[in-house]
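K.L.:
These are the residues of each chain, in order.
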Amino acid sequence: MSRRTIAAHAALIAYTAVALLPVLFIVMNSLKSRRAIFATPLALPGPGTFDLVGYTTVLASGGFGTYFTNSLIVTLLSLAGILAFGSMAAFALAEYRFRLNTLTGLYLMLGIMIPIRLGTVGILELMVGSHLVNTLTALILVYIASGLPIAVFVLTEFMRTISDDLKNAGRVDGLSEYEIFYWLALPLVRPALSTVAVFTMIPIWNDLWFPLILAPGDSTRTVTLGAQQFIGQYVTNWNAVLAALSLSILPVVVLYLLFSKNLIRGITAGAVK
Amino acid sequence: MTRNEAASVPPIALELIGITKQFGRTDVLTGIDLAVDEGDFVVFVGPSGCGKSTLLRIIAGLEDQTAGNLRIAGASADGVPPAKRGIGMVFQSYALYPHLDVAGNMSLALKREGIPRDEIARRLNAAAEMLELAPLLKRKPSALSGGQRQRVAIGRAIVRQPKLFLFDEPLSNLDAALRVNTRIEIANLHRVLGTTMIYVTHDQTEAMTLADKIVVLYEGKIQQAGRPIDLYDTPANVFVAGFIGSPKMNFVGGDEARRAGAAMLGVRPEHLSITTGDARWTGVVRHAERLGSDTFLYVQTQTAGELTVRVVGKTELGVGDSVGLVPLPGMLHRFDDRGVRLP
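Here the protein sequences line up with chains H and U, keeping their order. Mind the numbering: the first sequence is residues 1 to 273 in the numbering used here, read in order. Mind the numbering: the second sequence is residues 1001 to 1343 in the numbering used here, read in order.
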């Protein structure tokens, strides 16, 4: 191994440690008693300090099953919406010549530059007006809207790389435009779809802002918001908070593993060929 | 019409009437008129950007003409979707469906048309037999070589039994040896099937060797259409004269041409001979290409610029030697100041 690669690996390992250590501390301390969390926060759980009280509190509090289901529903349906509409828009922008093509693309790209949270007040008024406050639909709609710009942007570039000849061969063979999109184009951009899925899924799962504002009711709470109930103004149940956070990591990790095989290919496509 | 008459005047397979295409404000094709007889092998040839591929895509229905009409086998094809035009098309990049095996690729269109399963199997086997694809039917395109992929692409067009075959530069992705083989295969295919074929290429050798009729396109216009040998013998203008034939025709302008009553004189390298006697042009050999069967000499002349000469077989002449050149009698082409051939 040359000196260069050693240096590169050292930098990467250091970065990985920085990124993973907080997660490690959360998981580690969630398995300790309250006293041990404060006495030796950096120690691994041992025979004297091991305690599952956090987990039992979280599971006993009852609402957590609902919160998990809510988070899953919101994340998966938003993801489905973003991928479905995003890829269709991307196909249209990449494939068809029409008058406002460039302008439409630029308009969608504005959404990448302007954070959707700037529009929170307007969104809240809209949701109140359409009686969607305290529904999961409100969250799903907002997340689809906020995820679409980046999805369209990334997927359009990938859609452009699909050979015209292939699409034309489909047309000569009698495929409709929908079939060409669904049956020829989509399978070829699958790596890109996975990449977009991962990048949009994680912020949605972790979001606290919109659940707090649009759906704070007990039946519509997401898991990130649900974990906050253990953080009090005066007393915080750290065992429960850490246990709730540890549990909430699991589903995204599973989803990530499902997509990750294609993710690497999506990121490096074109770079190495 | 009796059978004899039908045989003597073949029906028209494809008719283009005033086809015009604009992209935005750019004219890509202007007023293309062409009739193709049934069973003909027609090659569209021209440099890149001349509009030949666009014209093929208009015939296929993948692109709409801005103006003009299109008739395939006597019926108007304007606005008819590609799948309903009775065409089979072979693309430059093969364009096989990556997730279907060879059999799936070839039978997709037939399934779409609702053709019964045993009929599909019959046509599939016949085409596989003809193209030697039978052992490959269960393979995915990624497991095939370039030549095999090209044969599958051709097979996909054959099984549809089209009225019109369209080829869009089918050989340009193949290496040189395979290109010659596939060229011969395509010529054979045309003999066996007898179907009308339209073939697009930028390679004049392909055009000369394959075509019953060549259509030379340049700047969106048909420069000349006719039998290969007619284009070679009597090119309609300077562009066709320079484009057909390899090496390129020599052109001589200036006083020399004016004395012959033309703006430009043209003479092919094979129609110049080296003489020790009365020479029309004299010069010095600047470069020699020795192919064994032929030698090409590039001669820098005093009065006519650089001229290319083809010498059959080998020659002792080399760089730096002085030579005298005479055109073979009757082999000088004359063009007027617009580049049009003079009689």
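For the record, the hints were derived by calculation from the structure and aren't laboratory data. The structure presented is a predicted model; accordingly, all values stated were derived computationally and were not measured. Ideal Cβ positions, reconstructed from N, Cα and C, are used throughout, including at glycine. Warning: the hint list may mix true and false statements.
Once the Cα atoms are required to be at most 20 Å apart in a straight line, the calculated DMTMM-like pairs of lysine to aspartate or glutamate come out as [as the list claims (entries may be wrong)]:
no., chain 1, residue 1, chain 2, residue 2
1, U, LYS1163, U, ASP1040
2, U, LYS1163, U, ASP1230
3, H, LYS167, U, ASP1203
4, U, LYS1111, H, GLU179
5, U, LYS1163, U, ASP1175
6, U, LYS1213, U, GLU1185
7, H, LYS167, U, ASP1040
8, U, LYS1314, U, ASP1255
9, U, LYS1140, U, GLU1129
10, U, LYS1213, U, GLU1169
11, U, LYS1084, U, ASP1101
12, H, LYS167, H, ASP218
13, U, LYS1138, H, GLU95
14, U, LYS1163, U, ASP1101
15, U, LYS1213, U, ASP1037
16, U, LYS1221, U, GLU1063
17, H, LYS167, U, GLU1270
18, U, LYS1163, U, ASP1203
19, U, LYS1140, H, GLU95
20, U, LYS1213, U, ASP1203
21, H, LYS167, U, GLU1113
22, U, LYS1084, H, ASP165
23, U, LYS1248, U, GLU1185
24, U, LYS1084, U, GLU1129
25, U, LYS1111, H, GLU177
26, U, LYS1314, U, ASP1336
27, H, LYS167, H, GLU157
28, U, LYS1084, H, GLU157
29, U, LYS1138, U, ASP1118
30, U, LYS1221, U, GLU1015
31, H, LYS167, U, ASP1230
In silico negatives: residues of chain U with every beta carbon more than 10 Å from chain H [stated by the list, open to error]:
no., residue
32, SER1093
33, ASP1168
34, LYS1248
35, VAL1311
36, VAL1312
37, LEU1342
Cβ-Cβ distance ranges computed for the label pairs, FRET-style [unchecked claim]:
no., chain 1, residue 1, chain 2, residue 2, range
38, U, GLN1300, H, THR104, 27 to 35 Å
39, H, ARG190, U, ASN1173, 20 to 28 Å
40, H, ALA84, U, ARG1139, 48 to 56 Å
K.L.:
Next step is simple, just say for each hint if it's right about the structure.
P.N.:
Hint check:
1. U:LYS1163 <-> U:ASP1040: The given pair, whose Cα atoms are some 12 Å apart, holds under the 20 Å limit.
2. U:LYS1163 <-> U:ASP1230: Outside the cut-off at roughly 27 Å; violated.
3. H:LYS167 <-> U:ASP1203: With a Cα-Cα distance of about 26 Å, the restraint between H:LYS167 and U:ASP1203 is violated, given a limit of 20 Å.
4. U:LYS1111 <-> H:GLU179: Holds: U:LYS1111 and H:GLU179 sit about 14 Å apart, inside 20 Å.
5. U:LYS1163 <-> U:ASP1175: 30 Å, violated
6. U:LYS1213 <-> U:GLU1185: 18 Å, holds
7. H:LYS167 <-> U:ASP1040: Status violated; Cα separation ~28 Å.
8. U:LYS1314 <-> U:ASP1255: Since the Cα atoms of U:LYS1314 and U:ASP1255 sit roughly 34 Å apart, the hinted pair is violated (cutoff 20 Å).
9. U:LYS1140 <-> U:GLU1129: 18 Å, holds
10. U:LYS1213 <-> U:GLU1169: Judged against 20 Å, a Cα distance of about 17 Å means the pair holds.
11. U:LYS1084 <-> U:ASP1101: 24 Å, violated
12. H:LYS167 <-> H:ASP218: Roughly 49 Å separates the two Cα atoms, so the pair is violated.
13. U:LYS1138 <-> H:GLU95: At roughly 31 Å apart (the allowed maximum being 20 Å), H:GLU95 and U:LYS1138 break the hint.
14. U:LYS1163 <-> U:ASP1101: Status violated; Cα separation ~26 Å.
15. U:LYS1213 <-> U:ASP1037: 10 Å, holds
16. U:LYS1221 <-> U:GLU1063: This hinted pair holds, its Cα atoms lying about 18 Å apart.
17. H:LYS167 <-> U:GLU1270: 45 Å, violated
18. U:LYS1163 <-> U:ASP1203: 25 Å, violated
19. U:LYS1140 <-> H:GLU95: 26 Å, violated
20. U:LYS1213 <-> U:ASP1203: Distance ~15 Å between U:LYS1213 and U:ASP1203 Cα, so the pair holds.
21. H:LYS167 <-> U:GLU1113: The hint holds at about 18 Å.
22. U:LYS1084 <-> H:ASP165: 18 Å, holds
23. U:LYS1248 <-> U:GLU1185: 27 Å, violated
24. U:LYS1084 <-> U:GLU1129: Not OK: U:LYS1084 and U:GLU1129 at ~27 Å, beyond 20 Å, violated.
25. U:LYS1111 <-> H:GLU177: 17 Å, holds
26. U:LYS1314 <-> U:ASP1336: Violated, at about 36 Å.
27. H:LYS167 <-> H:GLU157: 16 Å, holds
28. U:LYS1084 <-> H:GLU157: With a Cα-Cα distance of about 32 Å, the restraint between U:LYS1084 and H:GLU157 is violated, given a limit of 20 Å.
29. U:LYS1138 <-> U:ASP1118: Given that 20 Å is the threshold and the Cα spacing comes to 18 Å, the pair holds.
30. U:LYS1221 <-> U:GLU1015: Holds, at roughly 16 Å.
31. H:LYS167 <-> U:ASP1230: Answer violated: H:LYS167 to U:ASP1230 is near 38 Å, above 20 Å.
32. SER1093: Answer for U:SER1093: violated, closest chain H Cβ roughly 5 Å.
33. ASP1168: 8 Å, violated
34. LYS1248: 31 Å, holds
35. VAL1311: Holds, since 43 Å exceeds 10 Å.
36. VAL1312: 42 Å, holds
37. LEU1342: Label holds. Min Cβ-Cβ 43 Å, cutoff 10 Å.
38. U:GLN1300 <-> H:THR104: 27 to 35 Å: Taking Cβ atoms as reference, U:GLN1300 and H:THR104 lie about 58 Å apart, which means the hint is violated.
39. H:ARG190 <-> U:ASN1173: 20 to 28 Å: The hinted range 20 to 28 Å holds for H:ARG190 and U:ASN1173, with Cβ atoms some 25 Å apart.
40. H:ALA84 <-> U:ARG1139: 48 to 56 Å: 33 Å, violated
Checked against the numbered hints above, the structure violates hints 2, 3, 5, 7, 8, 11, 12, 13, 14, 17, 18, 19, 23, 24, 26, 28, 31, 32, 33, 38, 40; every other hint is satisfied.
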